[in-house]
Amino acid sequence: MSNGITVGELARHLGAEIVGDPKGMVRGAAPIESAREAELSFLARRKYLPYLDGTQATAVIVGRDLGKVEKRPQETALLLVDDAHRALAQALALLYPAEQKKSEIAPTAVVGPRVELGKGVTIGPYTVVGAGAKLGDGVRVGAQCAIGEGCELGAETELKDQVVLYRGSRIGARCIIHSGARIGVDGFGYVLEGSEHRKVPQVGRCVIEDDVEIGANTCIDRGSIGETRIGAGTKIDNLVHIAHNVRVGRGCIIVAQVGVAGSTIIGNGVALAGQVGIIGHLEIGDGARIAAQAGVSHDVPAGETWFGYPARQRTQVMRANAAFLKLPELLRRVQRIEDTLLPEGEAK
Amino acid sequence: MSNGITVGELARHLGAEIVGDPKGMVRGAAPIESAREAELSFLARRKYLPYLDGTQATAVIVGRDLGKVEKRPQETALLLVDDAHRALAQALALLYPAEQKKSEIAPTAVVGPRVELGKGVTIGPYTVVGAGAKLGDGVRVGAQCAIGEGCELGAETELKDQVVLYRGSRIGARCIIHSGARIGVDGFGYVLEGSEHRKVPQVGRCVIEDDVEIGANTCIDRGSIGETRIGAGTKIDNLVHIAHNVRVGRGCIIVAQVGVAGSTIIGNGVALAGQVGIIGHLEIGDGARIAAQAGVSHDVPAGETWFGYPARQRTQVMRANAAFLKLPELLRRVQRIEDTLLPEGEAK
Amino acid sequence: MSNGITVGELARHLGAEIVGDPKGMVRGAAPIESAREAELSFLARRKYLPYLDGTQATAVIVGRDLGKVEKRPQETALLLVDDAHRALAQALALLYPAEQKKSEIAPTAVVGPRVELGKGVTIGPYTVVGAGAKLGDGVRVGAQCAIGEGCELGAETELKDQVVLYRGSRIGARCIIHSGARIGVDGFGYVLEGSEHRKVPQVGRCVIEDDVEIGANTCIDRGSIGETRIGAGTKIDNLVHIAHNVRVGRGCIIVAQVGVAGSTIIGNGVALAGQVGIIGHLEIGDGARIAAQAGVSHDVPAGETWFGYPARQRTQVMRANAAFLKLPELLRRVQRIEDTLLPEGEAK
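Residue numbers (our numbering), protein chains in the order written: chain A, 540 to 887; chain B, 540 to 887; chain C, 540 to 887.
Watch out, some of these pointers could steer you wrong.
A pair holds if it fits inside one copy or across any two, identical chains being indistinguishable in the list.
[Unchecked claim] SDA-like cross-link-like pairs, simulated, lysine to any residue; straight-line CA separation at most 20 Å:
1) K865 x E877
2) K586 x P840
3) K586 x I804
4) K640 x D676
5) K586 x T661
6) K738 x I792
7) K658 x S642
8) K738 x Q595
9) K865 x R875
10) K865 x T854
11) K865 x Y635
12) K640 x G707
13) K738 x D621
14) K610 x A637
15) K641 x L656
16) K562 x K641
17) K640 x L656
18) K641 x M857
19) K610 x L588
20) K610 x D592
21) K562 x V649
22) K738 x R679
23) K607 x T879
24) K658 x G677
25) K865 x Q855
26) K673 x E572
27) K865 x R786
Honestly, the hints are just simulated from the structure, not real lab data. Being a predicted model, the structure only gives us computed values, none of them experimental.
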């Protein structure tokens, strides 16, 4: 937490209009219902507006799209902005600056032969770095990680505790990889010999481009013979599965527990909501959006929003879902028509 | 395993009625189809009744709701109880008393500065405990865990091997956290700047109240600025995802692979079956029950049972599902009505 | 990577017919769109045929079922085979022979009392092996694994880094267990005492038979009092959940993120596609196939293919799904019939 910043300074950083006292000091942030003096809060949804009245926050970021705020506590300043989430993100970066830990290689880290370490690299206790790995400047590796032979990590990339990178994985710059993520795992490939599934050697690799974040316990397989690749700036949540040979484009959002089967190609700027499943060998076009839990079994054209199981274009499915609940009534109506109108023997 | 207990003693502990010999010795437990002499088994479902005839178990707990048992082997005593599952749980606690390991801090554990350890704390090999962490009396930490700076663990809580607690997480008393669980992970929060997703600093924390069990490889995010909180007595299975700012009430049951998106509030005594998904910013009322794989996208009132994708109240969905399979037939029936009755040119 | 093999030798190994120059040297493999000189590629799907024209691969395995190939680059030899995937698997085993690492016990491995190690066992740094465990000949254990007391691992089995085996787990011969897999976890069993969920001691064990592969971060619970068992030759992908007392037969394929609830019995040769969920106490017959994301709540007869949520036989669901999208139109058609034909007061 910082030493604090005045409401006025904060407003200047955020480009916000102040309603209230610019001299209050803010030292941290908290949700609107629990914020206290010297804390900043924010309001981005109309449904939380009633909390404003009772808050003890010293300042509250309010989205202009919420309309005019009628009541506010005397002691609370409002910071009016166009985009409350974005303003909050900026404010948090001011209030909670990243810790500057001094770089060090833990004495218990096992660093293999021919490893290249850039300037200012940090390696936590009990981490194992395989032969020939390259860690760029400012790389921070947590405790108990396992970095396979020949892996490469770009500058300023951070591995949290207990990350595993299989042999030969390449991670770009400024990535964040959370605990329990497994990168470059063998893909799930077998051929049937008689009644036995024989493993197909998985000899490709996994490439993560720059500025990617990967959530806790997420698994990304290596290519079978080529690459599995995650494009720059893509963000992946917890417990996601990405199979071998998948290519994910740039700037995608992949929410928790999504599964993408082998060889599927995902364009740039695609959003996959939670628990979505996509079968193998498909193409998902740039900017497509797939709703939560959808099961995708066909190519999705660029820019479309798909929905449902099996997934189809949103409006089509919404209409069918609404009709779905009228089904029992519809059956009765058709029965009645048949009973009333069809000649005996015709009805069935 | 214990040194054994007689059928008579066991019956007394369970408040069971004995049919058969009370003097047999029981030393362990096994399923009805594989139990042998000196073993206890149990019968809670009618479909497994035929196994009773051939069992070699010395005693079998039988629920009175299964009705009168006609046949049983001469050597097998029945223990009749009202609730077979509950009686089995009690019997197992007698037959398999928890091991009393002597407490010790492994010489390879890395314990940071200002860490406070209660009486009888155990820490396994290669575990790392960050600065300022507090471990209550009788806390047992397995091998290769990573406990972040400033974490707090209540008395008698147990971490199995390879658990990660991110910085500042608070765990109550008597919790059990299984291998690979990740607690207090950064939430999945970004704001768009142009076409780039910029990370929103995740500065809140994760609070687990007393008597919570958390399954293997489950991930629970920290709050973005406030808390993510799991209420006392809630039990969470493997591979579950709980996003930032979620609040789960007391005494809930959350089965494997469930995903709960950000800021959703779950009441007390809620049951979420396997693979359920709940979108963000919803409220799930006390005592609600959500069926397996359901996809919840609206608030669920207290006490209701929801079902399906998109999820709706159970009875409504059951009816519609039944009608769903009659759809092809319904289409044919409507076609026939139109062909028979509508004037030429009207039908479409 | 090997020192290379000629196209002619390769063809002989694969039983392939050569179209082109048998004297070219092949040293590695790559996908058809990125392969270069001295690399082998393959074509198993008609949709990738256009890539053949521009490839720089020295040889390409082509399935005879793709029909006659009209065009190919002069420098590229074709290897015609009946089963391209199988031929590729054989070729990869030649081109990328398994590394022969010398066996060693890392000096930082913690090996408990009464542990039995076979010949040629390898144990990685910071791995902990509990008292009384038995590791067969040629077992390879990665870094930072935790092998519980009394576990048994059959000959030639490999644990990748950061695997956890709970106490008493038994793993067969020639298994591969990937990073973050948790084997023998406590099952999710509670009985209600008043409003509290009381843990049922989980005293059974987990048995993995020979030749099983288990994916990254997959969780398999121990039996409650009996066994959880995975049959020989079964292959399990990443992030799968197998609950207590489940029995999986031989030669099954279980794709990523599948969840199987307690006490369900799965036959031999069953295929469960990605994200399938199966509720507890069911029987899935030999050779059954369950499509991706299906939610199974009834027994599935042997040999059937099921589909959908709730899951039913494939053809039935396909027809109903097709009709589903015609629902809004159907509603309008029935409305029009009623408006046109039913006497006033009858329609509703």
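Hints, verified against the model:
1. K865 x E877: both (18 Å within a copy, 16 Å between copies)
2. K586 x P840: Result: close only across copies, 18 Å inter versus 35 Å intra.
3. K586 x I804: between (39 Å within a copy, 14 Å between copies)
4. K640 x D676: within (14 Å within a copy, 31 Å between copies)
5. K586 x T661: Intra 44 Å, inter 47 Å, cutoff 20 Å: neither.
6. K738 x I792: between (32 Å within a copy, 12 Å between copies)
7. K658 x S642: Cα proximity of K658 and S642: one copy only (9 Å, versus 34 Å across).
8. K738 x Q595: neither (62 Å within a copy, 27 Å between copies)
9. K865 x R875: Answer is both: 15 Å inside a copy and 16 Å across each meet the 20 Å cutoff.
10. K865 x T854: Both, since 17 Å and 13 Å are each at most 20 Å.
11. K865 x Y635: neither (53 Å within a copy, 54 Å between copies)
12. K640 x G707: So K640 and G707 pass the 20 Å test across copies only (17 Å; inside, 28 Å).
13. K738 x D621: between (55 Å within a copy, 19 Å between copies)
14. K610 x A637: neither (35 Å within a copy, 58 Å between copies)
15. K641 x L656: This pair counts as within: shortest intra-copy Cα distance 15 Å, inter-copy 26 Å.
16. K562 x K641: neither (35 Å within a copy, 58 Å between copies)
17. K640 x L656: Within. Shortest intra-copy distance 17 Å satisfies the 20 Å Cα cut-off; inter-copy 25 Å does not.
18. K641 x M857: The answer is neither: 54 Å in one copy and 60 Å across copies each exceed 20 Å.
19. K610 x L588: This pair counts as within: shortest intra-copy Cα distance 10 Å, inter-copy 68 Å.
20. K610 x D592: within (6 Å within a copy, 71 Å between copies)
21. K562 x V649: neither (52 Å within a copy, 45 Å between copies)
22. K738 x R679: between (35 Å within a copy, 18 Å between copies)
23. K607 x T879: neither (59 Å within a copy, 52 Å between copies)
24. K658 x G677: Only inside one copy: K658 and G677 sit 6 Å apart there, 40 Å across copies, limit 20 Å.
25. K865 x Q855: This pair counts as both: shortest intra-copy Cα distance 16 Å, inter-copy 10 Å.
26. K673 x E572: Neither: 47 Å inside a copy, 28 Å across copies.
27. K865 x R786: Classified as neither; 41 Å inside a copy, 35 Å across copies.
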